[in-house]
Amino acid sequence: MAKPVAEQGSNVLTQHSAAHRAVLDRLLELLPDDCVITDAAGLRPYETDGLTAIREMPWVVALPETEEQVAAIVVCCAEHGVPVIARGAGTGLSGGARPHQHGVVLGLSKMSESLTVDPENRVARVQPGVRNLAITQAAERHGLYYAPDPSSQIACSIGGNVAENAGGVHCLKYGLTVNNVLGVRMVTAGGEIVELGGAVYDNPGPDLLALLCGSEGMLGIVTEVTVALLPSPETKTVLLAAFSHVVDAGNAVAAIIAAGIIPAGMEMMDKMAVQAAEAFAKAGYPLDAEAILIIELDGADAELATLNDQVTELLRTHGAYRIDEAHDASQQARLWKGRKSAFPAVGRLSPDYLCMDGTIPRKTLPTVLSEIDVISQTFGLAVANVFHAADGNLHPLILFDANVPGQTDKAMAMGAKILEACVAAGGTVTGEHGVGVEKLDTMCVQFTSEELAQFFRLKAALDPQALLNPGKGIPTLTRCGELGGMHVHKGRLPFPELERF
Amino acid sequence: MPSDQNGLLIEQIKSANETQQRLAIQGHASKSSWLPVSSSDGVLALDEHSGILQYEPEELVITARSGTSLAEINAILAKRQQQLSCEPPQLGAGDGTRGSGTLGGAVACGLSGPGRPWLGAVRDAVLGVELINGAGEYLKFGGQVMKNVAGYDVSRLQSGAWGALGVMSVISLRVQPTVAEECTVGASLSVDQSLSLCAQLGQRNLPITASYWQGGDFCLRLAGNQSGVAAACQALADRGLHQRQAEPQLWQQLKDHEHPFFQRPNSDSSSHRLWRVVTPLAATMPDFLTDPDKDALIMWGGGLRWMYHDDAAQVGEYSKAVGGWCWAIGESMPIAAMQRQIMSQLAKAFDPRGVFASPLGIAAVDA
Ligand SMILES: Cc1cc2nc3c(=O)[nH]c(=O)nc-3n(C[C@H](O)[C@H](O)[C@H](O)COP(=O)(O)OP(=O)(O)OC[C@H]3O[C@@H](n4cnc5c(N)ncnc54)[C@H](O)[C@@H]3O)c2cc1C
Numbered sequence: 004m005a006k007p008v009a010e011q012g013s014n015v016l017t018q019h020s021a022a023h024r025a026v027l028d029r030l031l032e033l034l035p036d037d038c039v040i041t042d043a044a045g046l047r048p049y050e051t052d053g054l055t056a057i058r059e060m061p062w063v064v065a066l067p068e069t070e071e072q073v074a075a076i077v078v079c080c081a082e083h084g085v086p087v088i089a090r091g092a093g094t095g096l097s098g099g100a101r102p103h104q105h106g107v108v109l110g111l112s113k114m115s116e117s118l119t120v121d122p123e124n125r126v127a128r129v130q131p132g133v134r135n136l137a138i139t140q141a142a143e144r145h146g147l148y149y150a151p152d153p154s155s156q157i158a159c160s161i162g163g164n165v166a167e168n169a170g171g172v173h174c175l176k177y178g179l180t181v182n183n184v185l186g187v188r189m190v191t192a193g194g195e196i197v198e199l200g201g202a203v204y205d206n207p208g209p210d211l212l213a214l215l216c217g218s219e220g221m222l223g224i225v226t227e228v229t230v231a232l233l234p235s236p237e238t239k240t241v242l243l244a245a246f247s248h249v250v251d252a253g254n255a256v257a258a259i260i261a262a263g264i265i266p267a268g269m270e271m272m273d274k275m276a277v278q279a280a281e282a283f284a285k286a287g288y289p290l291d292a293e294a295i296l297i298i299e300l301d302g303a304d305a306e307l308a309t310l311n312d313q314v315t316e317l318l319r320t321h322g323a324y325r326i327d328e329a330h331d332a333s334q335q336a337r338l339w340k341g342r343k344s345a346f347p348a349v350g351r352l353s354p355d356y357l358c359m360d361g362t363i364p365r366k367t368l369p370t371v372l373s374e375i376d377v378i379s380q381t382f383g384l385a386v387a388n389v390f391h392a393a394d395g396n397l398h399p400l401i402l403f404d405a406n407v408p409g410q411t412d413k414a415m416a417m418g419a420k421i422l423e424a425c426v427a428a429g430g431t432v433t434g435e436h437g438v439g440v441e442k443l444d445t446m447c448v449q450f451t452s453e454e455l456a457q458f459f460r461l462k463a464a465l466d467p468q469a470l471l472n473p474g475k476g477i478p479t480l481t482r483c484g485e486l487g488g489m490h491v492h493k494g495r496l497p498f499p500e501l502e503r504f
Numbered sequence: 004m005p006s007d008q009n010g011l012l013i014e015q016i017k018s019a020n021e022t023q024q025r026l027a028i029q030g031h032a033s034k035s036s037w038l039p040v041s042s043s044d045g046v047l048a049l050d051e052h053s054g055i056l057q058y059e060p061e062e063l064v065i066t067a068r069s070g071t072s073l074a075e076i077n078a079i080l081a082k083r084q085q086q087l088s089c090e091p092p093q094l095g096a097g098d099g100t101r102g103s104g105t106l107g108g109a110v111a112c113g114l115s116g117p118g119r120p121w122l123g124a125v126r127d128a129v130l131g132v133e134l135i136n137g138a139g140e141y142l143k144f145g146g147q148v149m150k151n152v153a154g155y156d157v158s159r160l161q162s163g164a165w166g167a168l169g170v171m172s173v174i175s176l177r178v179q180p181t182v183a184e185e186c187t188v189g190a191s192l193s194v195d196q197s198l199s200l201c202a203q204l205g206q207r208n209l210p211i212t213a214s215y216w217q218g219g220d221f222c223l224r225l226a227g228n229q230s231g232v233a234a235a236c237q238a239l240a241d242r243g244l245h246q247r248q249a250e251p252q253l254w255q256q257l258k259d260h261e262h263p264f265f266q267r268p269n270s271d272s273s274s275h276r277l278w279r280v281v282t283p284l285a286a287t288m289p290d291f292l293t294d295p296d297k298d299a300l301i302m303w304g305g306g307l308r309w310m311y312h313d314d315a316a317q318v319g320e321y322s323k324a325v326g327g328w329c330w331a332i333g334e335s336m337p338i339a340a341m342q343r344q345i346m347s348q349l350a351k352a353f354d355p356r357g358v359f360a361s362p363l364g365i366a367a368v369d370a
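Those sequence lines, one after another, are chains A and B. Residue numbers for the first sequence follow the numbering used here, beginning at 4 and rising by one. Residue numbers for the second sequence follow the numbering used here, beginning at 4 and rising by one.
One chain only, chain B, in its complex shape (with noise of 0.2 Å):
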């Protein structure tokens, strides 16, 4: 049932800053095993603060609070031919017993889809929330139009920040209208030869909007026009990529984690640390991973990288030396010195006495 819950939630923020309670911010929970949580805090619940207030699809915005479902969100856009280009995961929706995430939780944790390069973050989608912050105060900032450099950018701020700046109460993203036609092309190669082939066609005007390799599978998405699609899908046969039945269905796995690659078994007895490591699109791949075939799943055009492994360091060294960073899944999130100093000061701007208890930590460290 859609309901406002703006009174109880001001309401609830307000007296945790009396009994100095931590509040975790919590959606539908989805991503409740991505980052380390405290079991002491309260809980400030947002699932039941849901609803659409509105979707012009001609505007190409869509307003709502930030308890709805993504799922909610998804079905309307696609009624009226449009969606999320960011495409933010949904997880465990196979489960059933829970949501599948919340619009709120899919952009404070700021996780993009499989398009990211080519279609866009969420926190490019944002064009505006309605805040309250640690003090109870319900603020606006930003809006419904694309256009909008009145005051900074508290909107996109708030993605990657896993509520550590104050609880959304409503958000505006940005819509696109979906394509006339999608398919799949792919081909077998080996790693470095995905990833090379990634550069040279990045550099060329085709509508790629996505890439996957694993296992010595590479497949491209492409979506566009029916004349576009098909005449890239000829081009690319020449290189070898042949067109696909059937991978929507592959798409949408990546998207939500739901990929063979994400639910490697416990029997297993290889490493089951799952980095997430974002590098420049055409890094070498790391010489530590002794079967990229099997431990490696490659997205994002080379720009993001899963990878099993066990030694953190190696993971560590080796994202640096490429200028790019990395997080093992379920711990917690690394943040160089510097930036964490300037998002602890930002979190203390927005939630002075420290209410929030977001799983990033920021707000822990007193400086």
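Bound-form chain A, shown alone (with noise of 0.2 Å):
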């Protein structure tokens, strides 16, 4: 087995090396010339995700057009161990789809031609590359639609959807990618193709499947999703309430809950999200509000004229001051407007952001929202916050300018001392964006020594060489250690026969 070149000198940084050599040549083999990117205007677009704070040039970016071109890449990078860093829309937030300087990307764009809709089983059979809302937008002539809607659903693959477990704002009521997804076909880290579930409900042996869900590239290449299909709801309301303290409204989200309710949507945005979305989208959000709810209930029309009334007087009984009801399509496409705009609006307010992803329980989120505040006072960086807060995700939006020295450093920093105190809540550093590279550091404070070593056996399960995604979502123990957030317990290291990390 070739020693991954990751793992050499530096010194094959700048030449290439013969493994590079011969990887490059099986390249130009397998796949048409304009598939194989080498020129720096043509690696550029790739240098980055969605997280654009961090950048790494490619060594080369491959685009296959089939599964059997994914597997023979991959067999043979194993074969002279390069890195394969699996890469769909580049949406990510959290630097999972970051090049690696001696890897090869495998773009997975071209490879989103093929979507069959099979309304009698009520599922859609894709290719990785296709978009998110391509599924929903060919299933609706059968009334069906695929839940998970993450706002970049006109961008976001649905590869890249699998590898991040990605949310939306509907997923208490429908569940994220993982509760959607019935099978996928991957290529594995040897090149070998295995089918995980299918059109089918249920699967033998432990749940590969979920396993594969957010595992963002790092165990396997996704080359063929089938998701299951919902019948679109007959009806939608959406409702805007405004409250004048944020402690309410999020007692107002507890009760709702607490009644047996589950909205289809539920979002919250404080003062500074509202202030910055109202200007961008004009979708009407009331300017004086210290916090406001959009509440989405959906179902059939019966069902849904009671439910309309129990919400509005919970809501009501809670302290919103002002409710606004939305029951034609354009109307609810404007309060959604605002929510669904609020990264790029904060985006006008300051020259960057950076957008954190903890969850938290529920109940915790006036607790949270105030240790926020403080952090953001100590940092001397601003933060909008956008909630989901029907499932507890918190997405604080951090506004800085990368071009005052330092404060990207500052502002990453201030991102982590704030999952940090998600994690302190009892909840978790990212609930939908992935680690990637971003969140490294926060997972070990999160994770214990023996958890991580337990995550890096898993993954060398499946890819024994490390090639899949490598320097990806989990840190090393060492680099734990280097920040002082290791948990060594009573001085031992689990499985001390086992080759560290």
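By construction, these hints were calculated from the structure, which means they are not laboratory data. Treat the hints with care, since some could be wrong.
[As the list claims (entries may be wrong)] 30 Å max Cα-Cα, derived DSSO-like pairs, lysine-lysine:
(1) A/K420 with B/K143
(2) B/K82 with A/K366
(3) B/K17 with A/K176
(4) A/K340 with A/K285
(5) B/K82 with A/K176
(6) A/K366 with B/K143
(7) A/K420 with A/K366
(8) A/K239 with A/K366
(9) B/K17 with B/K143
Just so you know, these numbers come straight off a predicted model, no measurement behind them.
Since each chain comes alone in its own frame, lean on the hints to assemble the complex.
Here it is in structure tokens:
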């Protein structure tokens, strides 16, 4: 087995090793010329994903058009110990698709043609590069849709959704990617093709499909996805409720859930986020509110009428001073537009922003928000909060200016503090955006050295040479040790007979 | 009595490492007849490791030790109008000599109830586990929040592992509010009629949460708020499906395998080999069943088909041809070679010395 190039000395950096030449030759043999990118101008777009603060020029980008080509590329890379970095649409927000200077970026954008809707079995079978929204668009004429709808859905790929276990604004009721994907075909690190699940609702043995969801391209390359489709809801209502206190909005969310209601979506925005969104989208948001809730209810006509009254009543008793109801599609779209464009809206307030992605138990929201306030004052950078209130997923957006020396580092450090607060509240450092390279350090806070070592053994079980997206997702014990965050229990390392990672 | 047995469990695992003994993880042994087990293995008993650790209805999460009985969990949830919507089976509840299943067993076996396509699987409800691996290390994965992508999803991976990847000590599950109204509608239909009706209705926005066909009788369970269920009943009556009185028992019997179909008397001369065949919803029925009215029971809108049949090759070919899989209850779980290899590697990653004797048999294959 060849020693991974990533572990060889840095001299291979400048001059291509024999291994690299062999891989490049093979790529040119396997793919049409325009599917192998090596020139600086062509490589530039692949330098970064949605986490633009971190960049790296790839060595080569390969754009396979078939599953066989993917498998052949992986086999060749494995033979020569060259890393493989899968890439969908590059909208990831944690640097998951960040290139590797010695690795092949495997762009799956050309595998986006095939999309078969099977209405009787209520599934769609699609290639990994198909865009999330394209699935719903194809299913619509059968009265069906694909539920997970990340805000990036016009651009992001279904393969990327599986790899990040992407969410959206309808997760509490309809689940994340993992809850809506029934099957995946993947190419293993050894270049073999495996089918996990299918158009069926149950599979034998440990749930490999669930394991693959959220594995950030580190356990296999997704080459086909079978998703479950749902009947489109007959009717929707969108409510906007304005509050003078963040705590009241939080209590209203808890009360709705305690009443046994699971809204299709329930989003919260704080004052700063509301003001940014309103300036950008003119959604008619109340500028004097300390917090707003946007609640979507869906279902059959008959069901919805009573639900609507129940929720409105709860909002009122919990201090909503204004409630707008949107029944027709254009009004609803307007209310959602503010929320869905919150990121770019905040982007207009400030030259740069960093989007955090902690999840917290809903009840801790008021405490965590006030902690974020303190952290923001300490670091001297402003924060706008956008919150998937229904499922506890918090997106604080940290405003900064990368052109001011030191501010990028400051924003990153501040983000880490916020995530630590989320972990301390009983939550997690990432709800839906993944660890990528961005949250490696905060992972050291959430997991002990034994847990991290277990992750590495799991990874090694599927990818013994550690060639699939190396350096992402799980921090090495050394890295955590250097941060001083390592929790070595009683001075003993787990499995002393195994090599260290 | 609720008690924390972690210390004891870790000690037993460590000593099994030294003595090279294999341990079969056991809750209430309610599913012990579902897969073949080796009698030479020791038992790692979990039934005393019980107790609900945290339950906050507004957070929609319950956290309990894995040995807690499902009966206890269901009871506490019911008090707050909540439930496990994945409806894990409580097997042998009527027998009275033993418990009818623990939380740990429910997650490890991953058997989902009658609502699977509409309400989700056991694995969908899993939010986090605290796990003891083969080296006796205590590890926490996932947590109590719904959205969590920090690290690999080791928690959901446990579902269906039948104990091959460690001992789950504490489990957090997502819970759902119970619905205000539930009713059953039904009609006499042939198996093919019922499958095509299911396929049609499945594309419409109806509050269906379970389906059943057996012996020419077809039923749907509807659940939701009062006005929604009433409107759906009306719409379905127009299609010849009429409301049945007092049917909740049917769904409970299906969930717990107490339906008469599953208790075929030994005196019956026909086949006793019971297959659990998982298929795409609208797959056609196999032609080898001479009397589907007697030998088949269909759930999950067509996605789960129980069949009595002796010829394993025929059932196997059928399942493969329609894109599904099959398992004869009491016999070993069929897992394709590539998947088995990955699972064996994973078992080694969690349990390098092969301490856990899972009836899945994936650790036994030494690659
Ligand atoms: C404006 C904006 C809004 C967003 N909103 C949301 C949101 O609401 N919810 C949410 O969850 N996310 C959101 N995101 C994040 C992002 O869109 C998702 O993570 C998405 O799933 C990434 O898909 P992608 O195709 O762009 O993947 P990429 O960014 O290309 O890759 C992401 C990861 O997946 C891996 N990968 C990609 N394709 C494959 C494959 N075929 N096989 C194996 N691994 C693969 C990569 O290696 C990488 O680790 C948002 C991003 C932006 C820019």
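So, going through the hints one by one against the coordinates:
Between A/K420 and B/K143, the direct Cα distance comes to roughly 22 Å. Compliance with the 30 Å bound is thereby established for this hinted pair. With a C-alpha separation of about 21 Å, the suggested pairing of B/K82 with A/K366 holds against the 30 Å cut-off. Between B/K17 and A/K176 the alpha-carbon distance is near 42 Å, which puts this suggested pair outside the 30 Å criterion. A hinted pair counts as satisfied when its Cα atoms are at most 30 Å apart, and A/K340 with A/K285 qualifies at roughly 9 Å.
About 22 Å separates the Cα atoms of B/K82 and A/K176, which keeps this hinted pair within 30 Å; it holds. This hinted pair checks out: A/K366 and B/K143 have alpha carbons roughly 22 Å apart, not beyond 30 Å. Of the supplied pair hints, the one linking A/K420 and A/K366 holds, its CA atoms being roughly 20 Å apart against a limit of 30 Å. Under the criterion of a C-alpha separation no larger than 30 Å, the hint pairing A/K239 with A/K366 is consistent with the structure, at around 27 Å.
For the given pair, B/K17 sits about 19 Å from B/K143 by alpha-carbon distance, which is consistent with the 30 Å threshold.
When each numbered hint is compared with the structure, a violation occurs for hint 3 only.
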